[in-house]
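Those protein sequences? They're chains S and C, same order as listed.
According to the numbering used here, the residues represented by the first sequence are 1 to 149, in order.
According to the numbering used here, the residues represented by the second sequence are 1001 to 1151, in order.
Incorrect hints may have been included.
[What the hints assert, rightly or not] Selected chain C positions facing chain S (in silico; Cβ < 7 Å):
no.	residue
1	Tyr1003
2	Pro1056
3	Leu1087
4	Asn1130
5	Asp1132
[Claimed, not checked] Quick list of in silico lysine-lysine cross-link-like pairs, DSS-like style, CA-CA up to 30 Å:
no.	chain 1	residue 1	chain 2	residue 2
6	C	Lys1147	C	Lys1008
7	C	Lys1073	C	Lys1147
8	S	Lys89	C	Lys1110
9	C	Lys1147	C	Lys1096
10	C	Lys1134	C	Lys1073
11	S	Lys143	S	Lys101
12	C	Lys1008	C	Lys1134
13	S	Lys45	C	Lys1073
14	C	Lys1096	C	Lys1008
15	S	Lys89	S	Lys45
16	C	Lys1134	C	Lys1096
17	S	Lys107	S	Lys22
18	S	Lys22	S	Lys45
19	S	Lys90	C	Lys1147
20	S	Lys45	C	Lys1002
21	S	Lys101	S	Lys89
22	S	Lys90	S	Lys143
23	C	Lys1147	S	Lys45
24	C	Lys1134	S	Lys143
25	S	Lys45	S	Lys90
26	C	Lys1073	C	Lys1002
27	C	Lys1096	C	Lys1073
28	C	Lys1134	S	Lys89
29	S	Lys90	C	Lys1002
30	S	Lys90	C	Lys1110
31	S	Lys107	S	Lys89
32	C	Lys1147	S	Lys89
33	C	Lys1110	C	Lys1008
34	S	Lys143	C	Lys1096
35	C	Lys1073	C	Lys1110
36	C	Lys1147	C	Lys1002
37	C	Lys1073	S	Lys22
38	S	Lys89	C	Lys1008
39	S	Lys107	C	Lys1134
40	S	Lys90	S	Lys22
Derived by calculation from the structure, the hints in this document are not laboratory data.
Where a beta carbon is used, it is the ideal one built from N, C-alpha and C, also for glycine.
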Amino acid sequence: MRTYEDFSIGDENSFGGRTVTKQEIITFAELYDPQPFHLDEEAAKQSIVGALCASGWHTVAIMSDMIMSDDLRDVAVLGIPTVHEVRWKKPLLPGTPLTIKRRMDMKAPELGRNDRGRCRFSYQLLNDEGEILAIMDADIMIKRREVIL
Amino acid sequence: MKYFEDVKIGEHHVLGDYTFEQDSMLEFARAYDSQLVHADPDSVEASVHGSIIASPWQITSVWMRTMVDFHRKQEEPSATSVSPGFLSMEFFVPVKPGDTLTYENSVYEKVDLESRPNMGIVRMLNRGTNQDGKEAFRFIGQVFMEKRPLD
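In isolation and in its complexed conformation, chain C is listed as follows (with noise of 0.2 Å):
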């Protein structure tokens, strides 16, 4: 079991990577994000990029799904709970139908907590790049992680 000391700053993973088709830019826009630029290939809003663009919740939670099936894959389990939040999320470039990113994570920080000895926060820069090398988004994930028990 990987535990809160286990973890190294600056310890890089690449998480995966997800081709956005265009299917499944509508399947989400119309059951989570319904502004047109991402649900109406023939509006105007997205006539402005030449297509639709992914909604930045779908970039997320395919990320979240990418790092959920990553976990999975590694030899030995991690100590980590649940996410109090994230942090600095940006996002530089429309993601477009055919478009593949790339998300990977380095590990950026780690937090001791005064109210819960057993437990610290892991932040992790999690970036997703397009396969021109551009990248798409970026934010600082953050994840509770236990402590190595003491007996």
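Extracted from the complex, chain S is given alone in its bound form (with noise of 0.2 Å):
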């Protein structure tokens, strides 16, 4: 198990493989953010997006689930306390092949909590025309290897 101690500033990586189904944007719309542009071709068609998308709600968890069952898969994550900034650029449309690159920017042990330290990402999520379709800042929250007593 990958530790705190682990990442350095400035650590790149990039990772991906996933897509999104069509029926996967709808299904999640249907529950979550039933707005046109995520249900409907022609409604989406005829809306300010142009074509149907994945909400941008769906859009984050599964940026979230990438990083958590790829970049940190082999590491003792707590959560994330911190979401600095989301930003969401461009659709996200079905079949869109996917690719995450990150960097770590800066990180802090936790304070009054000595089993623990913060790392800063940020995240883009692209296309297979490498176009970014959103933006994530975040604290991961990751245990510490060496309990500082």
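Put the two chains together into one complex, using the hints given.
Pasting the structure below:
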């Protein structure tokens, strides 16, 4: 298991391979974001977005799941206490092959808790043409290997 | 129709509440957030909390649904468009099976856009508070809103 100590400022990684299907987009939207451009192709074409696309909230869940199951899969993650910013830049269309690029920007031990620290990462969600679909800037809480006494 | 100019700083709304049950928490986790602390009640990760805890993305997705349902109940529609993103999201206490979150928001800031003269951005402080009065999460939501047409 990798821990807080194993991350250095400037560390970069790139990972991906997931796609989202039209049905997955619609299933999420029906429950959580029932706006026409997430539910129906014709309605989406008439809308400001122009095509059926994933809810922004579905997009961030996908990003988080990709991060946890790939980039941080062997890391002692405790959770995501803070998301500084998310920007939705381009619609996430069904069938798009997704990649995330990330960089570790800052780290700090957690005040008052000697067993953990925060690593702040900036993430870019990219399509297969290298266009940025979304960005996220978030703290991941990670266990420390050595407890400071 | 409510336009950008009609929105007042400090306007406050209780959007609604939602009780997080284990079944729906597991269903969300298995579809969207596979970390064991959300998806497996028998995991070591869940045992630290005494139960699974809600995925942060379920907490926010339920917020979105609560927000959409709230707006649909309003007599006067709002000229809101899409969101460019959100800011300053923090999760303070875990949400466990049986917890009820009350979602509310208040208008925090209005931003004119040089690039789009017929639109502004409305920023709202969104909060979810549990049944014990503890704030579970908060964030600053943003939405594009049309300005009143000139004609």
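Hints, verified against the model:
1. Tyr1003: violated, 16 Å
2. Pro1056: holds, 6 Å
3. Leu1087: holds, 5 Å
4. Asn1130: violated, 17 Å
5. Asp1132: With a closest approach of 19 Å, the C:Asp1132 hint is violated.
6. C:Lys1147 with C:Lys1008: holds, 14 Å
7. C:Lys1073 with C:Lys1147: holds, 22 Å
8. S:Lys89 with C:Lys1110: Satisfied, since the Cα-Cα distance of roughly 20 Å is no more than 30 Å.
9. C:Lys1147 with C:Lys1096: violated, 41 Å
10. C:Lys1134 with C:Lys1073: holds, 27 Å
11. S:Lys143 with S:Lys101: This hinted pair holds, its Cα atoms lying about 23 Å apart.
12. C:Lys1008 with C:Lys1134: holds, 27 Å
13. S:Lys45 with C:Lys1073: Holds, at about 26 Å.
14. C:Lys1096 with C:Lys1008: violated, 35 Å
15. S:Lys89 with S:Lys45: Given pair S:Lys89, S:Lys45 holds - Cα atoms ~18 Å apart, limit 30 Å.
16. C:Lys1134 with C:Lys1096: holds, 13 Å
17. S:Lys107 with S:Lys22: Measuring from Cα to Cα gives roughly 38 Å; hence the hint is violated.
18. S:Lys22 with S:Lys45: holds, 14 Å
19. S:Lys90 with C:Lys1147: holds, 23 Å
20. S:Lys45 with C:Lys1002: Status holds; Cα separation ~25 Å.
21. S:Lys101 with S:Lys89: holds, 15 Å
22. S:Lys90 with S:Lys143: violated, 34 Å
23. C:Lys1147 with S:Lys45: holds, 24 Å
24. C:Lys1134 with S:Lys143: holds, 25 Å
25. S:Lys45 with S:Lys90: holds, 15 Å
26. C:Lys1073 with C:Lys1002: Holds, because 14 Å separates the two Cα atoms, which is no more than 30 Å.
27. C:Lys1096 with C:Lys1073: With Cα atoms ~29 Å apart, C:Lys1096 and C:Lys1073 stay inside 30 Å; holds.
28. C:Lys1134 with S:Lys89: Violated, at roughly 33 Å.
29. S:Lys90 with C:Lys1002: Between S:Lys90 and C:Lys1002 the Cα gap is close to 27 Å, so the pair holds against 30 Å.
30. S:Lys90 with C:Lys1110: holds, 23 Å
31. S:Lys107 with S:Lys89: holds, 27 Å
32. C:Lys1147 with S:Lys89: holds, 22 Å
33. C:Lys1110 with C:Lys1008: Holds. C:Lys1110 to C:Lys1008 sits at ~9 Å (cutoff 30 Å).
34. S:Lys143 with C:Lys1096: holds, 22 Å
35. C:Lys1073 with C:Lys1110: Roughly 24 Å between the alpha carbons, so the hint for C:Lys1073 and C:Lys1110 holds.
36. C:Lys1147 with C:Lys1002: Holds: C:Lys1147 and C:Lys1002 sit about 9 Å apart, inside 30 Å.
37. C:Lys1073 with S:Lys22: holds, 28 Å
38. S:Lys89 with C:Lys1008: Status holds; Cα separation ~27 Å.
39. S:Lys107 with C:Lys1134: With a Cα-Cα distance of about 28 Å, the restraint between S:Lys107 and C:Lys1134 holds, given a limit of 30 Å.
40. S:Lys90 with S:Lys22: Between S:Lys90 and S:Lys22 the Cα gap is close to 17 Å, so the pair holds against 30 Å.
Hints 1, 4, 5, 9, 14, 17, 22, 28 from the earlier list are contradicted by this structure; the remaining hints agree with it.
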